[in-house]
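Please take these sequences and the hints and turn them into a complete structure.
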Amino acid sequence: MADVSLTNVRKVYAGNVEAVKGVSFDIPDGGFCVLVGPSGCGKSTLLRMVAGLEAITSGECRIGARVVNEVEPADRDIAMVFQNYALYPHMSVYENMAYGLRNRGTPKDEIDRRVKEAAGILAIESFLDRKPRALSGGQRQRVAMGRAIVRKPQVFLFDEPLSNLDAKLRVQMRVEIKKLQRALGVTSIYVTHDQVEAMTLSDKLVVMSNGRVEQMGVPNEVYRKPASKFVATFIGSPPMNIAKGVVRGPGAVAVGDVVLPVSDMAADLKPGDAIEVGLRPEDLIVRGDGSLTMQVDFIEELGATQLFHGTLGGAHLVIQAASGLVPSESKTLNLAIDPAKVHLFDVGTGARRGR
Amino acid sequence: MADSTARSHLDRPDILAHVIIWIGIAITAFPIWVAFVASTVSNQSIAQAPMPLLPGSLGWQVYSDVLGVGGNNRTVGTPVALMMWNSFVMAMIIAVGKIVISLMSAYAIVFFRVPFRNVLFWMIFVTLMLPVEVRIIPTLKVVTDLGMLNTMAGLTIPLIASATATLLFRQFFLTIPDELVEAAKMDNAGPVKFFFDVVIPLSTTTIAALFVILFIYGWNQYLWPLLITTDQSMTTIVIGITKMIDTSGGPTDWNRVMATAILTLLPPVMVVVLLQKWFVKGLVETEK
Ligand SMILES: Nc1ncnc2c1ncn2[C@@H]1O[C@H](COP(=O)(O)OP(=O)(O)OP(=O)(O)O)[C@@H](O)[C@H]1O
Ligand SMILES: [Mg+2]
Numbered sequence: 001m002a003d004v005s006l007t008n009v010r011k012v013y014a015g016n017v018e019a020v021k022g023v024s025f026d027i028p029d030g031g032f033c034v035l036v037g038p039s040g041c042g043k044s045t046l047l048r049m050v051a052g053l054e055a056i057t058s059g060e061c062r063i064g065a066r067v068v069n070e071v072e073p074a075d076r077d078i079a080m081v082f083q084n085y086a087l088y089p090h091m092s093v094y095e096n097m098a099y100g101l102r103n104r105g106t107p108k109d110e111i112d113r114r115v116k117e118a119a120g121i122l123a124i125e126s127f128l129d130r131k132p133r134a135l136s137g138g139q140r141q142r143v144a145m146g147r148a149i150v151r152k153p154q155v156f157l158f159d160e161p162l163s164n165l166d167a168k169l170r171v172q173m174r175v176e177i178k179k180l181q182r183a184l185g186v187t188s189i190y191v192t193h194d195q196v197e198a199m200t201l202s203d204k205l206v207v208m209s210n211g212r213v214e215q216m217g218v219p220n221e222v223y224r225k226p227a228s229k230f231v232a233t234f235i236g237s238p239p240m241n242i243a244k245g246v247v248r249g250p251g252a253v254a255v256g257d258v259v260l261p262v263s264d265m266a267a268d269l270k271p272g273d274a275i276e277v278g279l280r281p282e283d284l285i286v287r288g289d290g291s292l293t294m295q296v297d298f299i300e301e302l303g304a305t306q307l308f309h310g311t312l313g314g315a316h317l318v319i320q321a322a323s324g325l326v327p328s329e330s331k332t333l334n335l336a337i338d339p340a341k342v343h344l345f346d347v348g349t350g351a352r353r354g355r
Numbered sequence: 356m357a358d359s360t361a362r363s364h365l366d367r368p369d370i371l372a373h374v375i376i377w378i379g380i381a382i383t384a385f386p387i388w389v390a391f392v393a394s395t396v397s398n399q400s401i402a403q404a405p406m407p408l409l410p411g412s413l414g415w416q417v418y419s420d421v422l423g424v425g426g427n428n429r430t431v432g433t434p435v436a437l438m439m440w441n442s443f444v445m446a447m448i449i450a451v452g453k454i455v456i457s458l459m460s461a462y463a464i465v466f467f468r469v470p471f472r473n474v475l476f477w478m479i480f481v482t483l484m485l486p487v488e489v490r491i492i493p494t495l496k497v498v499t500d501l502g503m504l505n506t507m508a509g510l511t512i513p514l515i516a517s518a519t520a521t522l523l524f525r526q527f528f529l530t531i532p533d534e535l536v537e538a539a540k541m542d543n544a545g546p547v548k549f550f551f552d553v554v555i556p557l558s559t560t561t562i563a564a565l566f567v568i569l570f571i572y573g574w575n576q577y578l579w580p581l582l583i584t585t586d587q588s589m590t591t592i593v594i595g596i597t598k599m600i601d602t603s604g605g606p607t608d609w610n611r612v613m614a615t616a617i618l619t620l621l622p623p624v625m626v627v628v629l630l631q632k633w634f635v636k637g638l639v640e641t642e643k
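Quick mapping for you: the protein sequence lines, in order, are chains G and S. Read in the numbering used here, the first sequence has 187 at position 187, and its numbers run on one by one without any break. Read in the numbering used here, the second sequence has 518 at position 163, and its numbers run on one by one without any break.
Everything labelled a hint here was simulated from the structure, so no lab data went into it. Hints are supplied without guarantee of correctness; some may be wrong.
As the list claims (entries may be wrong) - Cross-link-like lysine-lysine pairs, in silico, DSSO-like; alpha carbons within 27 Å at most:
no.	chain 1	residue 1	chain 2	residue 2
1	G	K152	G	K204
2	G	K131	S	K496
3	G	K225	G	K270
4	S	K540	G	K108
5	G	K270	G	K244
6	G	K225	G	K341
7	G	K225	G	K244
8	G	K168	G	K131
9	G	K179	G	K204
10	S	K540	G	K152
11	S	K632	G	K108
12	G	K204	G	K225
13	S	K632	G	K116
14	G	K179	G	K168
15	G	K116	S	K548
16	G	K131	S	K540
17	G	K168	G	K178
18	G	K131	S	K632
19	G	K168	G	K21
20	G	K21	G	K225
21	G	K131	G	K108
22	G	K179	G	K116
23	G	K179	G	K244
24	G	K178	G	K152
25	G	K152	G	K116
26	G	K204	G	K341
27	S	K632	G	K152
Said to hold, decoys possible - Okay, the calculated bits of chain S under chain G, using three or more residues with CB under 8 Å as the criterion:
no.	region
28	525-538
29	547-558
From the three backbone atoms N, C-alpha and C, an ideal C-beta is built for every residue, glycine too.
See the structure below:
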């Protein structure tokens with residue numbers, strides 16, 4: 001087992017495309033780090049540099065005590081699970097899992113033991129003789145995982161391993177990956193653009209945008225205290241509402257004619273400063289005695305919850321609340337908010353303006 | 356199979372299609388049948404106006420004569436068995452050689468960042484415009500200077516380099532996903548291991564199809580062996596047949612010529628039949 005640490009890692013592709021612009025972070029031994037971000041932000045590139053499939057332009061990548069910049073992928077003691085599984089089509093499931101071990105000169109009986117063990121963990125014993133073609137997407141995904149775990153590597157790398165599965169199976173496999181990683185205790189890096197996957201899997205969430213790290217931390221902390229407007233709107237579904245506002249004084253901002261209390265506000269903000277106000281859909285609480293009044297345009301019914309689309313102080317807003325709280329014909333809603341849950345962002349840079 | 360189900364949907368009788376197929380087969384097979392009949396009767400019967408259309412009784416005699424002796428004493432005396440062996444070895448070396456060379460060059464072009472990779476590719480591509488017939492004089496000069504006249508090497512090596520097969524393999528290799536290559540890297544499979552463990556097994560059906568085509572290509576070579584083999588012991592069967600025909604005006608033993616022609620047909624037919632089975636099996640297995 002090993003920790004992974006990146007220091008100022010950059011990647012410049014031919015043609016001067018800077019895909020990763022100086023990324024540093026550490027993952028403790030046994031940690032589960034998820035890289036999340038929009039398409040093209042450099043997540044895969046970063047993962048592939050850790051894997052050794054892409055040369056590191058500058059910076060340092062360390063696995064355990066070893067700097068691995070110049071180490072061949074096979075010698076880094078890592079295993080990777082690919083988005084399209086990349087199983088060898090002409091080999092049986094058993095051979096697919098055994099191939100890496102055979103190439104490393106592992107004794108036959110040891111290979112057999114490990115493959116059987118992995119197959120047991122993943123419940124794929126009954127397909128060991130089949131070719132990948134004869135498996136469903138979910139089963140192939142398991143085989144790809146099996147190929148990674150038989151190696152007993154120091155680090156698992158996953159590049160969007162669930163994106164080819166249907167929604168239901170994705171949820172199921174997500175849980176299984178998490179359980180498996182817990183049980184094996186192997187340090188993992190997982191790339192996804194699905195923020196739900198990112199939130200649920202990680203104990204360290206790294207949000208990337210445009211080749212840079214926007215924020216990293218424990219998922220709940222990233223969710224509760226987004227470091228920028230980008231992170232605020234990227235993490236969370238439905239996304240955080242952003243409204244244009246004006247500072248009224250210490251601890252108060254106005255959106256249109258509605259004044260909101262704020263507890264986390266940068267000291268250098270002066271009355272009259274323009275600011276962007278972020279409100280999570282579930283943080284505005286529907287309450288009869290709420291002081292804020294929202295005009296409701298329409299209601300989306302999601303089953304357990306309802307989404308109210310409407311305006312507050314002239315700004316468009318989406319509010320999420322448990323179903324059945326409000327009669328469906330209501331035109332206005334009374335809302336209350338905890339001052340700790342009002343987020344402020346700089347109009348220009350999008351950076352958080354809190355203390 | 357798909358065809359017949361589609362047809363049964365149309366609910367039209369199959370008879371017409373079958374009649375057409377059988378007419379086609381008859382037209383194609385008739386000359387071969389005539390050749391076979393001619394190889395089993397005497398030369399006089401062949402010369403008579405309505406040639407018999409049913410096999411005669413001389414078959415065993417004619418075939419054992421040509422296999423053991425060859426033509427009559429006025430033409431060539433190389434036994435057909437030897438000439439067929441020569442042709443077989445030549446065709447095998449050409450087919451296997453072309454496949455091996457093309458597999459390796461396509462592998463290098465697709466999977467490695469060799470300097471001037473594109474230039475190399477285009478150079479191979481351009482040789483498509485230079486088949487043996489076009490470069491025959493310089494090639495002959497080179498082979499003669501190297502002392503390779505009347506050798507199997509001289510007969511086969513100039514025919515081995517193959518742009519067509521290289522291109523085919525290149526196209527196929529390009530369809531192998533990058534991630535498979537990367538997975539193999541993770542699995543500690545170096546370039547050689549990847550070639551033998553992954554690329555070749557995935558290429559089996561392509562190899563089988565190419566082998567059929569290239570074996571027949573090699574077997575049917577005429578011009579090059581004609582120039583390069585002056586020694587009777589090196590004569591190939593395709594040349595041998597023409598040498599059996601007496602061009603000086605004397606009588607030709609047409610039954611022997613026809614027997615040789617029939618024998619010449621057999622190896623390519625066998626290759627097609629044997630490999631067809633094999634690659635159908637390959638197709639079925641990958642579909643499983
Ligand atoms: N081989 C390459 N040559 C040049 N540019 C590249 C290369 N590979 C990737 N890029 C560029 O680097 C950037 C990051 O790509 P990367 O594949 O890491 O994105 P990603 O975050 O994984 O996106 P996705 O979610 O779509 O997979 C992109 O702008 C891409 O165009
Ligand atoms: Mg990617």
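Discussion item. Hint by hint, where does the structure go against what was stated? Just the numbers, ascending.
Written reply: 2, 11, 13, 19, 23, 27
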